[in-house]
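Student: Listed below, chain by chain, are the residues.
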Amino acid sequence: MTVVTDLAPATETEVAAILSECHARRRPVRILGGGTRVENRTLGEPLSLSRLSGVVTYSPGEMTLIARPGTPLPQILAMLAAENQTLAFEPPDMRAILGRSGTPTLGGMVAANAGGPRRILAGACRDHLLGVRFVDGQGRILKNGGRVMKNVTGLDLSKLLAGSHGTLGVLTEVALKTLPLSPARTTLAFPGVDDTTALRIFTAALSTPYDVSGAAHVGGTAYLRIEGLDGQRAYRRDRLLALLAEYRPEVVDDAPWDAIRDVTHFVGGGPLWRILCRPTDAPGLCAGLRAMGGDCSLDWGGGLIWYRGPGHPRALAPHATLIRRADAVGPAFPPLPGAVARIQDGLRRSFDPAGILNPGLMASDATGA
Amino acid sequence: MTIAMPAPDAQVIAQRPQIVAALRAVLPADAVIDDPHETRAYECDALTAYRCPPLAVVLPRTTAEVAAAMRVSHGLGVPVVPRGAGTSLAGGALPTADCVILGTMRLNAFLDIDLANRYVRVQSGVTNLSVSAELEPLGFFYAPDPSSQLACTIAGNIAMNSGGAHCLKYGVTTNNLLGATVVLTTGEIIELGGPEPGPAGLDLLGVLCGSEGQLGVVTEATLRILPRPEGARPVLIGFDSPEVAGECVANIIRSGVLPVAIEYMDEPCLRAVESFAKAGYPDCPAVLIVEVEGSKAEIDDQIARIRAIADALNPVEFRESRNADESLAIWKGRKSAFGAMGRLGDYICLDGTVPVGQLPHTLRRIGELSRQHGLEVANVFHAGDGNMHPLILFDANTPGDLARAEAFGADILRLCVEVGGCLTGEHGVGVEKRDLMGDQYDPDDLAIQMQVKDVFDPGWLLNPAKVFPLEASAAHRAHTAPLAAAE
Ligand SMILES: Cc1cc2nc3c(=O)[nH]c(=O)nc-3n(C[C@H](O)[C@H](O)[C@H](O)COP(=O)(O)OP(=O)(O)OC[C@H]3O[C@@H](n4cnc5c(N)ncnc54)[C@H](O)[C@@H]3O)c2cc1C
Numbered sequence: 001m002t003v004v005t006d007l008a009p010a011t012e013t014e015v016a017a018i019l020s021e022c023h024a025r026r027r028p029v030r031i032l033g034g035g036t037r038v039e040n041r042t043l044g045e046p047l048s049l050s051r052l053s054g055v056v057t058y059s060p061g062e063m064t065l066i067a068r069p070g071t072p073l074p075q076i077l078a079m080l081a082a083e084n085q086t087l088a089f090e091p092p093d094m095r096a097i098l099g100r101s102g103t104p105t106l107g108g109m110v111a112a113n114a115g116g117p118r119r120i121l122a123g124a125c126r127d128h129l130l131g132v133r134f135v136d137g138q139g140r141i142l143k144n145g146g147r148v149m150k151n152v153t154g155l156d157l158s159k160l161l162a163g164s165h166g167t168l169g170v171l172t173e174v175a176l177k178t179l180p181l182s183p184a185r186t187t188l189a190f191p192g193v194d195d196t197t198a199l200r201i202f203t204a205a206l207s208t209p210y211d212v213s214g215a216a217h218v219g220g221t222a223y224l225r226i227e228g229l230d231g232q233r234a235y236r237r238d239r240l241l242a243l244l245a246e247y248r249p250e251v252v253d254d255a256p257w258d259a260i261r262d263v264t265h266f267v268g269g270g271p272l273w274r275i276l277c278r279p280t281d282a283p284g285l286c287a288g289l290r291a292m293g294g295d296c297s298l299d300w301g302g303g304l305i306w307y308r309g310p311g312h313p314r315a316l317a318p319h320a321t322l323i324r325r326a327d328a329v330g331p332a333f334p335p336l337p338g339a340v341a342r343i344q345d346g347l348r349r350s351f352d353p354a355g356i357l358n359p360g361l362m363a364s365d366a367t368g369a
Numbered sequence: 001m002t003i004a005m006p007a008p009d010a011q012v013i014a015q016r017p018q019i020v021a022a023l024r025a026v027l028p029a030d031a032v033i034d035d036p037h038e039t040r041a042y043e044c045d046a047l048t049a050y051r052c053p054p055l056a057v058v059l060p061r062t063t064a065e066v067a068a069a070m071r072v073s074h075g076l077g078v079p080v081v082p083r084g085a086g087t088s089l090a091g092g093a094l095p096t097a098d099c100v101i102l103g104t105m106r107l108n109a110f111l112d113i114d115l116a117n118r119y120v121r122v123q124s125g126v127t128n129l130s131v132s133a134e135l136e137p138l139g140f141f142y143a144p145d146p147s148s149q150l151a152c153t154i155a156g157n158i159a160m161n162s163g164g165a166h167c168l169k170y171g172v173t174t175n176n177l178l179g180a181t182v183v184l185t186t187g188e189i190i191e192l193g194g195p196e197p198g199p200a201g202l203d204l205l206g207v208l209c210g211s212e213g214q215l216g217v218v219t220e221a222t223l224r225i226l227p228r229p230e231g232a233r234p235v236l237i238g239f240d241s242p243e244v245a246g247e248c249v250a251n252i253i254r255s256g257v258l259p260v261a262i263e264y265m266d267e268p269c270l271r272a273v274e275s276f277a278k279a280g281y282p283d284c285p286a287v288l289i290v291e292v293e294g295s296k297a298e299i300d301d302q303i304a305r306i307r308a309i310a311d312a313l314n315p316v317e318f319r320e321s322r323n324a325d326e327s328l329a330i331w332k333g334r335k336s337a338f339g340a341m342g343r344l345g346d347y348i349c350l351d352g353t354v355p356v357g358q359l360p361h362t363l364r365r366i367g368e369l370s371r372q373h374g375l376e377v378a379n380v381f382h383a384g385d386g387n388m389h390p391l392i393l394f395d396a397n398t399p400g401d402l403a404r405a406e407a408f409g410a411d412i413l414r415l416c417v418e419v420g421g422c423l424t425g426e427h428g429v430g431v432e433k434r435d436l437m438g439d440q441y442d443p444d445d446l447a448i449q450m451q452v453k454d455v456f457d458p459g460w461l462l463n464p465a466k467v468f469p470l471e472a473s474a475a476h477r478a479h480t481a482p483l484a485a486a487e
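Quick mapping for you: the protein sequence lines, in order, are chains A and B.
Position one of the first sequence corresponds to residue 1 (UniProt numbering), numbered consecutively onward.
Position one of the second sequence corresponds to residue 1 (UniProt numbering), numbered consecutively onward.
For the record, the hints were derived by calculation from the structure and aren't laboratory data.
Just so we're clear, the structure is a prediction, and the values are computed from it rather than from any experiment.
Treat the hints loosely; a few may be bogus.
[Claimed, not checked] Over 10 Å on every C-beta distance to chain B, these chain A residues come out as not near it, computed from the model: (1) A10; (2) G54; (3) M79; (4) N144; (5) L160; (6) T187; (7) F190; (8) G192; (9) P209; (10) G219; (11) D258; (12) A259; (13) V267; (14) G270; (15) A328.
[To be verified] For each label pair, taking beta carbons as the anchor points, the in silico distance ranges come out as: (16) B:Q11 / A:E21: 38 to 48 Å; (17) B:G345 / A:A234: 31 to 41 Å; (18) A:R26 / B:E38: 48 to 58 Å; (19) B:E38 / A:P337: 31 to 41 Å; (20) A:H265 / B:R305: 34 to 44 Å; (21) A:A234 / B:E243: 47 to 57 Å; (22) A:G220 / B:G280: 55 to 65 Å.
We put the beta carbon where it would ideally sit given N, CA and C, even for glycine.
Chain B on its own, in the form it takes in the complex (with noise of 0.2 Å):
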């Protein structure tokens, strides 16, 4: 364990049957769980690396159920860490010892499907993939469709900001999201945003979406829904070198044919997918996956624009998908390249992003880093906006091998910070990437959003030890705390 996560509170963890029998006198009984047996079930999110088993779990199906449970933590002082699927790959829903898990689960109820104003309402726990499936009779669909879209909540959707393949396109959640409930620490209940497009004064929604769990649970969604294309086709393209394929890349972004997807996979990639799950991809070092979307004759002119594009290229193979199963097999070896990584061992997935232009130079300088700390690393990704996914190879059965696979994770990101990008482009800061907020942000940047989050969560109880490092969030508590106090 690399990570630090602050002591527990002594006083919260020794009033455990006095919070757990407060919350059971204004929760349904079934909506309190402190079996240790079953609240080990909350332990870790897919950061697995780290676990830490609440001191109970809460599973309200209603947003006066969650405003109630989060009255009486705030009444008691208990911290509360919001939790969806525990998709999260970040450790952004992992608990600490001395907290409430405010799972979401249960609030899964659609509200209103509004086709007149292309929007849906739903309770924020209600599966990514199941608002799509939806409104798949009826003609529309959510665009953001990140690859755990199976799993994972619309409350974990927003909390990340997260984004999908398609999100070259149709942008990423913050994008497509009209409108929340969101309950405060407080237990108060607000709106905001709503059906109207804008807010009435500043935009609290785009702040809360992305802010990981710090400012509020989100009880209920508005979403922004649209109809479905008539079709989507996507075609191979197999590169010689890295470089090539990432200057193709710029090109088909320059001429004005907005593809909905471009995915990039590399050499050690492709050998992992090609004995997982025989795709029967090309053998060279880059491969991409561009998709475009429209009518039959529409998508025949974007892909003979692209074809252009990557012939001047000298590519090793031009594969354009003839029909329904060319293009799942096309999808294939994208799809299951997770999978096909996780058979060769175990692997942290980093996602930050860079500059489209810097993408050679950021994967030459990833291969010569592999070799330095001496593991293995795969890259599968966004090409389109240059959200990278590094997928890092080690043992975890070796003492020693995260840890040094988490150093090789750190220089990689410092790397994205220094070619002009960003630590995270759509997985989140959560405890993973928060000691290195400082390589991207000066203190006072901090320090603006740690006001933030004062405003909204005066008594920091929200999802606490995350996004920011616990050196700046002590020293600015230190500070303010007292202030505030004295109000």
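If we strip away everything but chain A, and leave its shape as in the complex, we get (with noise of 0.2 Å):
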């Protein structure tokens, strides 16, 4: 589905001018990538980025990927599999679950700052993210980082752009670090363990040195995932099996990481919530979100708990994002401290003063979504 909007832009330079015009007339504008994050709830015109589209320079040896936002992410990642790399922060599809049906976009991506199972071992987004070019709320075209590996330049402003869902600017440019792809993935799945023994089992095996990739719990089974080159998953699958023996594990060849990531077992009926807390917290406050009447699954080793029901997670855990509205109410980011909270405000005001860009989300008050 493409979203018919007036405002698609296909350069940098036009994007710079429709925001300099929006901010003249304090017209707020509603960024669409491919339409698929986050709930629509924010106000504003829609300002699609489908056409500022296309890859700009992949270096496989360098490991540097500089593209487009509006580029579709299951073409980068076809494009970097056939070079035996990938973005090791393994970005989910999140359509299912949002009940969408646009196209995921690199820099939809970046502005949420996305990152699957494979966050444990390597990092969220923003930790392979070099450089963000990109316009801001008075229709400045801006830069920062630049494309090398290593780069303490200036202030990091790349890292404040990850994830802040469109509200500082336009992404017109991102660079990204690439990584070698596992040729083969290993999984040990461990049937029928509640969610204390689950923490168990990821305590365990994440104080190993074999690199474990992936470490949730979905439906009752406990998953490991192990990669790396053909001697090294044997290897390390053996070692974690000894070291598990107890909580009988099973060697698995079609684990469904690709579901995990993108949390498809929470398809439809209800709100659903991503919850983030310190790992060993996680049996615990699953406790008491099942008490709330929903269910829950688990990522990350424990520090990303997924609930699907009713009630108000934040009750228990301060750090829950409302990721599909469904029938709650209130607001989808978690609240603020106020010193941070006016921090916040304050750089949301610098880049964007006349409030223009996604006005409502991510706010850090009770009022917007």
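Dock chain one against chain two, each of which comes alone in its own frame, and use the hints as you go.
Tutor: Rendered as structure tokens:
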């Protein structure tokens, strides 16, 4: 589905012209990548980035990709896979849980700082973001960072832009680090374990040097993923099998990592929350959440809880974001402590003085979405 | 002296006794130093060509004491320069005559070691090495490992977003930092991040890391820790041209093997190292040290792949370590490189990064610039990520030599930017690269960074005259300060 909009710039200059005009007229815009992410409650005229698309440079020997924000993510991943590389943070595809049909884009991925199960080993999108070009809320064309792996030149605004959900600027080009694609993966499955046991398994496995690249608990089964060169995988598998023998592991070939990444077990059926916590707090939180009447799954070794169900998870876990609203009420993003909220608001005013970029989204007060 | 510092604020200097008294009123007696003999010890960091004793020094032990000191300096309008161990090579901790140095060396407590959640919580003045030393018996380590790790502090590492030899695999400080307690200029205390994996709102921790003391004073930090690898083994590969060595680096990276480190040394560096450390390196134009980690079988497998890649390029030598002693021998020369260069005379250590594919071209151009400027240069650096460390040799006692070395350095850094890289990969801008920022960033790019500073530190009291070119920051302040005052 292509979103129909009059604002569909094909170049960075056009983005700048549109935003400086919108700034002057105080006319808000709603930024759309592929239109696949975070609830669209924000006001404003749709600004589509689907035409601002394409790869600028891809150099596998330098592990660097530079591309425009509207580039479809599947196209990027296919191009990288042809060189045996990938985006190591494993960007998820949220279409199924959000009930949308657009194409996920590179810009949307960065704006949401999206990352999948490999987060525990490889970090989040922001850890792989080398630099950005963007247009701020006044229509200024800006850049930060660059295309090299190590760069401490000036303030690191790329980190701010990653996960800013379009509230600080419209990304016009992103530079990302690519990494070797593991030739294959092996999964250990632990069927019939509860949250507490799953956490024990995760803690034991993540305290080994075997580069566990996935630790999730879905539908009563805990999963551990091992990647690496052939010899490495076999060795690591055997060591983990021995270490975790008491939990009766099974080696499986067709483990549902893509489904875990995309949270497809919680497609449809009410509000969906994403809760970040200290891993060892996860079993207790899950018990509380289940008591509210919904269901939970774990990823990131327990650091990420998905909760589908009724109630207000923030009463238990302050760090809860509402990903799918359904009939839930209240702000989608967690409230921030006073001084931090003041800084965040101050930054938004600096980047977007007229408040035209995705207004209402990511608001730190209780009124916005 | 070619780097200008602004004239100190005479009003602040005139208030010195009142400032010291106000600090004494809120801090323990031994935490405030104003004896000029003692403040002298803080007059410079590792960029020793630039020195200036501060007005006073405070050495707090707790976040509350830091906050108290900040409230006083904020109230009296006194600039504050945070300082860790003073190992900055960029003059990041260089005082001004009207500033209070806020030293974090007494903030040296370990607060929490949480193995189940794989993090440690420390006060920010602990040294980098002490974190890993504390964790070693527990089977864990803290990954960023700057060469200065024996001395440098976590506070300095966070401020500079420091890297190390092993960051090719493990990332730099920002990738290993989970949370921080920060005291703002006003004395307000905020918590950013935490043990949970991600921020609640904007990634403020991400912009704090690497902000060179411009945004707030870090007093505590939560650091991600990792299980120690089973083993590690280096190989040494000699090539008869820098170009081929560069090709080898790119081919290794492309192959899917991910070494923890790929270090490069060129001929002048090898010569200095050989006469100083007798490391027994081959006599050739370029040497790579590549280190891989894992179990014995994993290491064998990875080294076999690296050997195949190197063999295809006809190396002068491929030396694989067979035991711990041989590993030490391979690393010995690399680790003593800075010391070896130091014996040849004074040097400036640069830190630009270039895209890995541009390494051969950049090395060739640096050679040409060296002849042009009539100064010798040696290269020893992290090749896997293109972070170069050209060392320019000069004689501090020869009038004009420092200025010539700085001009040569500036040319090299401009070259790094020109080929798609940046001015600094891990040492920071400080005062050293401050005036080159305009070569990498357009005025608006700098303006937005300064606007971020405005939000955290509206009065610009923190670490003055660093990072932003003086004219740019003066113009920006002339424009924004009246607006802020009117609000
Ligand atoms: C021989 C040698 C080798 C080196 N090798 C490396 C290397 O391999 N990799 C690398 O990245 N660097 C390296 N460095 C540079 C230096 O060691 C790092 O920049 C280090 O992180 C500085 O730490 P420090 O504690 O000495 O900080 P300082 O030098 O005291 O200060 C550095 C900066 O941090 C700020 N700061 C200090 N404390 C705080 C605080 N509490 N809150 C906010 N800001 C603060 C200061 O204002 C200053 O801007 C090396 C330096 C030397 C001398």
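Student: A separate judgement is required for each hint: does it hold in the structure or not?
Tutor: Status of each hint after checking the structure:
No Cβ of chain B comes within 10 Å of the Cβ of A:A10; the nearest lies about 22 Å off, and the non-interface call holds. No Cβ of chain B comes within 10 Å of the Cβ of A:G54; the nearest lies about 19 Å off, and the non-interface call holds. For A:M79, the non-interface assignment is confirmed: its Cβ lies about 15 Å from the closest Cβ of chain B, beyond the 10 Å cut-off. Not every beta carbon of chain B lies more than 10 Å from that of A:N144, the smallest distance being close to 7 Å; the non-interface claim is violated.
Not every Cβ of chain B is farther than 10 Å from the Cβ of A:L160; the closest lies at roughly 5 Å, contradicting the non-interface assignment. The beta carbon of A:T187 is kept farther than 10 Å from every beta carbon of chain B, the shortest such distance being approximately 19 Å. With a least beta-carbon separation of about 18 Å from chain B, A:F190 lies farther than 10 Å from that chain, consistent with its non-interface assignment. Non-interface call for A:G192 relative to chain B: holds, since the shortest CB-CB distance, roughly 23 Å, exceeds 10 Å.
With a least beta-carbon separation of about 5 Å from chain B, A:P209 fails to lie farther than 10 Å from that chain, contradicting its non-interface assignment. Consistency note on A:G219: stated as away from chain B, and its beta-carbon is indeed over 10 Å from all of that chain's, at 22 Å minimum. Residue placement check: A:D258 keeps its beta carbon more than 10 Å from all beta carbons of chain B (closest about 21 Å). For A:A259, the requirement that its beta carbon stay farther than 10 Å from each beta carbon of chain B is met, with the minimum near 21 Å.
Every beta carbon of chain B lies more than 10 Å from that of A:V267, the smallest distance being close to 23 Å; the non-interface claim holds. No beta-carbon of chain B is positioned within 10 Å of the beta-carbon of A:G270; the least distance is around 23 Å. For A:A328, the non-interface assignment is confirmed: its Cβ lies about 18 Å from the closest Cβ of chain B, beyond the 10 Å cut-off. A beta carbon spacing of about 46 Å between B:Q11 and A:E21 agrees with the range 38 to 48 Å that was offered as a hint.
The given range of 31 to 41 Å is broken by B:G345 and A:A234, whose C-beta atoms sit roughly 53 Å from each other. At about 56 Å, the CB distance of A:R26 to B:E38 agrees with the hint of 48 to 58 Å. The hint said 31 to 41 Å for the Cβ distance between B:E38 and A:P337, and at roughly 38 Å that hint holds. Separated by about 38 Å at the C-beta atoms, A:H265 and B:R305 satisfy the suggested range of 34 to 44 Å.
For A:A234 and B:E243, the hinted distance range of 47 to 57 Å is not satisfied, since their beta carbons lie about 38 Å from each other. For the hinted restraint 55 to 65 Å between A:G220 and B:G280, the CB-CB distance of approximately 59 Å keeps it satisfied.
In terms of the numbered hints stated before, the structure departs from hints 4, 5, 9, 17, 21, listed from lowest to highest.
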